[in-house]
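Assemble the whole structure, with the sequences as input and the hints as a guide.
Just so you know, the sequences run in chain order A and B.
Read in my numbering, the first sequence has 163 at position 163, and its numbers run on one by one without any break.
Read in my numbering, the second sequence has 107 at position 107, and its numbers run on one by one without any break.
No false leads were mixed into what you were given.
Simulated restraints on C-beta separations:
1. G44(B) x E243(A): 48 to 56 Å
2. I20(B) x D213(A): 44 to 52 Å
3. Q313(A) x A109(B): 25 to 33 Å
4. S316(A) x T88(B): 38 to 46 Å
5. S149(A) x G97(B): 16 to 24 Å
6. L45(B) x P18(A): 48 to 56 Å
7. E243(A) x T111(B): 50 to 58 Å
8. K50(B) x Y143(A): 30 to 38 Å
Source of the hints: derived by calculation from the structure; they are not laboratory data.
Note that CB positions come from ideal geometry on N, CA and C, so glycine has one too.
If you want the building blocks of each chain, they are given just below.
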Amino acid sequence: MRLEQPPVIVGAAAVAGPVEAQGPLGHEFDQTYPDLTIGQTSFEKAERQMMIDACNLALKRAGIEEKPPAVDYFLAGDLLNQLITASFSGLEVGVPMYGLYGACSTFSEALAIGAKLIDGGFADRVLCAVSSHNGAAERQYRYPTEYGSQKKPYAQHTVTGAGAVVLAAGGEGPRITYCTTGKVVDFGIADPFNQGAAMAPAAVDTIEAHLKDTGRSVDYYDLIVTGDLASFGYKMAVRLAAERNLTLGQNYRDCGVMVYDLSRQNVNAGGSGCASSAIVTCGHLLKEMARGRLRRLLVVSTGSLFSPTSFQQGESIPTIAHAVALEA
Amino acid sequence: MMYLKAFLVGGLICLIAQVILDNTKLSPGHVLSGLTVAGGLLGGLGLYDKLIEFAGAGASVPIASFGNALVKGALQELNQNGLVGVLTGMFEVTSTGIAAAIVFAFLTAVTFNPKS
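Laid out in structure tokens, this is it:
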């Protein structure tokens, strides 16, 4: 969908945990924390603190100093049961809010909905935020860290961090020009550790739909990033795209691979989680756009829509991907 | 010699479990209960005690030994007290292990916080 008056990203911020801080993009993040608890008494409270920190930094970048901030809506999501991070942060932010759940695709989902609210004339400014936390998400989706379960090489490491973006009807910054909403697809994968493979078809499906809708080619973009396919899912996406006569080449990368140094850091196949695409985009890619090194960027956050209950009952993992085009 | 036998038998049990874990979609929970049931079956046939005799801790430490102890306790009580003994006996031999697991898990949870 093309936005008639493309909304502008007037402020963005990324905060990240200790492992991400040691990764290749560590110096790009606006704030990093030395440990997973961030001075809080639980991982869940730590995640909430990260989301609030990211929101405050993004609002500051956008020059919004008032309390409560002068934004019309707060759109936020995370991975925990009943969206506790987003909702409890909403209490702190104190503006009208919609909680969003698209699993790890929530970042581009929030950007797309925020952009449409503004383009439709329903808002002047929207604050979008997503977060994930390794300790909290592992407990939520797989096994608690204390259990000490072994991981397979294709397993991924949930990114600890939060990203926030302030969208506005006007101002200086990259614009959101197109949104492509993904369809739910299911490739029949039922292993909750193998999410990259489960999500790759959704990513390719959405990229294909986006290119068809816009009439653009892959080469139109300086960079296309998927959210958190990690190294196995990345290769699978390239192969699946080739089967559909799409060549994802040098200008295609995956945030889950970019956020860590896979050869040096013990993160298996790479990163996952809402924060994967959020902190890479807010922390690194938007800054690259400001530096003039990137002009056209397609962010395709990918989400696997399973719950512990659904996979314990033997169901496969449905997935989704949403694309937003950012242009300088 | 006993050390070597314990190493080989204990290692073999763990190897079987690791191969299952790496090559199937079974979760650690499946492998854990699978080994327990296997130990119980071998215990019921009277084979597991022979393995412990042969390999000592190599056979008594892995979780299969717990399955063996469950069955052994049940059989003992069955002989002494009849059918009800199957229920009462199961935890007779294994109560040390279960109580120790609960107590140590409690102490660890009280003392430490998870990190990463």
